[in-house]
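*Asks:* Position chain X relative to chain A; hints supplied.
As given, the protein sequences belong to chains A and X, one line each in that order. When we follow this note's numbering, the leftmost residue of the first sequence carries the number 1, and every step to the right adds one. When we follow this note's numbering, the leftmost residue of the second sequence carries the number 1, and every step to the right adds one.
None of these hints come from the bench; they were simulated from the model. Mixed in with the good hints, there may be bad ones.
Have a look at the derived ranges for each label pair, beta carbon to beta carbon [unchecked claim]: (1) A:Ser147 x X:Ser174: 47 to 57 Å; (2) A:Glu421 x X:Lys7: 31 to 41 Å; (3) X:Phe25 x A:Glu421: 41 to 51 Å.
Even for Gly, the Cβ is constructed at its ideal location relative to N, Cα and C.
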Amino acid sequence: MKEDIKNKENAATNEFDQVVVGNSLTKDAWKRLRKNKMAVVGMVIVILYALISAFAPLLPLHDYDEIILDHQNLGPSFNKTAGELMMENKKKELYFKAWKDGSLVLTEEQSALIVSWIDESKTNSVWNLCLEEGEKQLAAGTFTWSSSDQKTLDKLQKKIDEDIFVDITKIYQGDTNLKKLDSDSLAKVYATMIGLDDTTLILEQTYKEMDAFVFNTIEMDADVKKNLSDEEKATIIDKEIEKLGDAYFEEKLAENLYGKINAQVLRDVTKILENESEEGTISFPYKDTIEVDGLTITVSSSLVNQRHYLLGTDYSGRDLLSRIIYGGQISIMIGIIGTLFSVFIGIVLGALAGYLGGKVDYIIMRIVDVMYGLPYMLIVIICMAIFGRSILNLFIALGIVSWLTIARMVRGQIMSLKNSEYVEAARSMGAKTWRIIFKHMIPNSLSIIIVYSTLRIPSFIMQESFLSFLGLGVQAPMASWGSLISNGVASMTIYPWRLIFPSIAMTLFLFAMNFFGDGLRDAFDPQSKNQL
Amino acid sequence: MTKYIIKRLLGMIPTLLVIITLSFFIVRVAPGGPFDGERALPEEVLANIEAKYHLDEPVLQQYGRYLFDVVRGDLGPSYKYVDNDVNYYIFTSLPNSAVLGVVAILIALIFGILFGILAAIYQNSWIDYLTMGLAVLGISIPLFVIGPLLQLVFAMKLHWLPISGWYSTGEGYSTIILPAISLAFAYFATIARLTRSSMLETLRSDYIRTAKAKGMKNSTIIAKHAMKGAMLPIVSYLGPAFAGIITGSIVIEQVFRVPGIGKFFVQSSFNRDYTLIIGVVIVFSVILVVMNFLVDIVYALLDPRIAY
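Chain A on its own, in the form it takes in the complex (with noise of 0.2 Å):
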């Protein structure tokens, strides 16, 4: 078709000679929409979070798991690194402690504005001007540090100067990676390692270890199982390692070993990177292999506290804009999958309401009707809260609560394609139903289809970080704007980053993705403007 318009000769033309172009729904939708800025606006701010999502790995951010507990509650700045922040918040704590034994000298009203911020728990506001007071006094030698304070700070400056985070990503014997050995292998590694003949010690050690391991996980009573004898015990852990099977056995003997191997060798390499630091052969950021004990490492290391976070912190040092980068990942991705999910229940169940009537259409359209009357997102919080809070739970309990709309959506557009032409024509020629309603009645409402579930994204979302911010959606170390929101109310007072951060990223997504879907939906269906 496309080449029988540029091709003017073929072209259907008017009386005037002029090409008649066809329009389709789907241009004539597209050009409304681009008059309309703000849903082009909203496009553009959607498209850019799906792409920082989707590129987050290749992103220059800290890993969102990484937790660094110097690092707690740093505040989000721009120039200053991890160890400047580090230090100011030190200060401010040595400059309140002197304040308020008399040390640092303050105005009176400086002091009485101190106690009555105590009074309304402004604690960043006593904190600042304490900071602020207290480099001026300095600066102006009218205050020095008592020698505990000063022998604290130097430790902490020299903490931060030398701190190094090593990070060993693989660990390589000649050409194979240690994680895909065997316990033997492993064994006879480590034994080399630290200087032993043969393995018998440490495969002893070892097992030993896994025993108490797996009397742990055994569920006994606790009085019962502190007064076991010996022999009982190896009875009963005997009969459990069986119960796990070999294959789990050797599976967590080999992290072990291969645990007890990565704990060395981080010793061995940091040590290294120290001395070559101190005698300033190497730069960091460091990324590299390094040779140590016969065994090849890839090392990424780097001068920990010389890290900039733009946005802050958590409450275990982590990163806050790359949690909020990953976590809006899993929010976008479980808006869409679930919208998905649920539009896939939708259509299967309405286009058979709508394409079959009568009996099959009563009952479903009843169902719809009861659980639009039913509280569902009461239902969805027992079963998160019952069956475990997986993320795929969570899909299942939204999903299967969040497809009456589309039902009723498709079933409406099925009912007015029922006694179309071409579906009288498919079924004159013996088509059977579900190829009638698949092939022919689904794909001629999908443009409809696909507007709407644009429109549920949003409310999928919004649902989702409803239960994670109750604690029953998506779990520690992954984050999801409901749970950096809800971590963020727990300590807003004193670190309100925290909680206007991952708002202002839930916020403007929402804003941009509502904006979108209505100028998509204005676009398509004209005469839906000014209605919900």
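*Replies:* Chain X only, in chain A's frame:
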């Protein structure tokens, strides 16, 4: 009309039956029971407890017994809070939730309709843009964001209102304001938008033109003629709004520490306190179903075109 009301009343029964059955069986097929603690109980003790709560009977018998009790208005004993039964916990916390919900829906209705009408009358003025802006904001901001943000601004920065608490525990009636506004915001937004669009449509209809032609005052036309027609979509939206406010109150009660029924719901879900979970769900469902029923009646009364 009487026939219609009776028909709708009878229609409530299957909905309630479905909800009771569904929640009864969901909590019972779930892995783990209410008495799985940190340490396992000796078998005899467990057997005694199960006998006390009739958990040793066949499931269908339990179901029958439970249905019979519910019909009599008895929601059974709580498994975790042994001091009182479910009725006690629900009916001491329900009034708090009810006050919160009613205030929220009133705020949403009054301000939503007011803004919607003003936006429709002064179309394309600043009040129209403000309303539409608030409307989109309202459906985009989740209520667990708006709640804490209001706390941050009005309680912590400006100190105008208490940050959390509830009047029944002696913290003043101003404690109602912030949670009610947070809960109402989304519904205010939708109602304003609905009112605006249906008002615009009504103002363009023939009977309004007739009224204008007869020389009626503008305010009379809006108050007497346009309002009645424009209210229909809002009335039908009230059903979903009630459902949303009930669900939303669970989060808002947590954020603002309101001693309401939502708190029990989340706690009992974690505790697997079967009877309390089902009890709360039943109470919520009854409220919702009754509200939907009232909405339908009001709708039928308002719109003479509806045949019942």
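*Asks:* Decide, hint by hint, whether the structure agrees.
*Replies:* The hints, checked one at a time:
One distance hint, 47 to 57 Å for the beta-carbon pair A:Ser147 and X:Ser174, holds here, with the actual separation near 51 Å. The supplied range of 31 to 41 Å is met by A:Glu421 and X:Lys7, whose beta-carbon atoms lie about 39 Å from each other. Between X:Phe25 and A:Glu421 the beta carbon distance is about 48 Å. The supplied range of 41 to 51 Å therefore holds.
Checked against the numbered hints given earlier, this structure breaks none of them.
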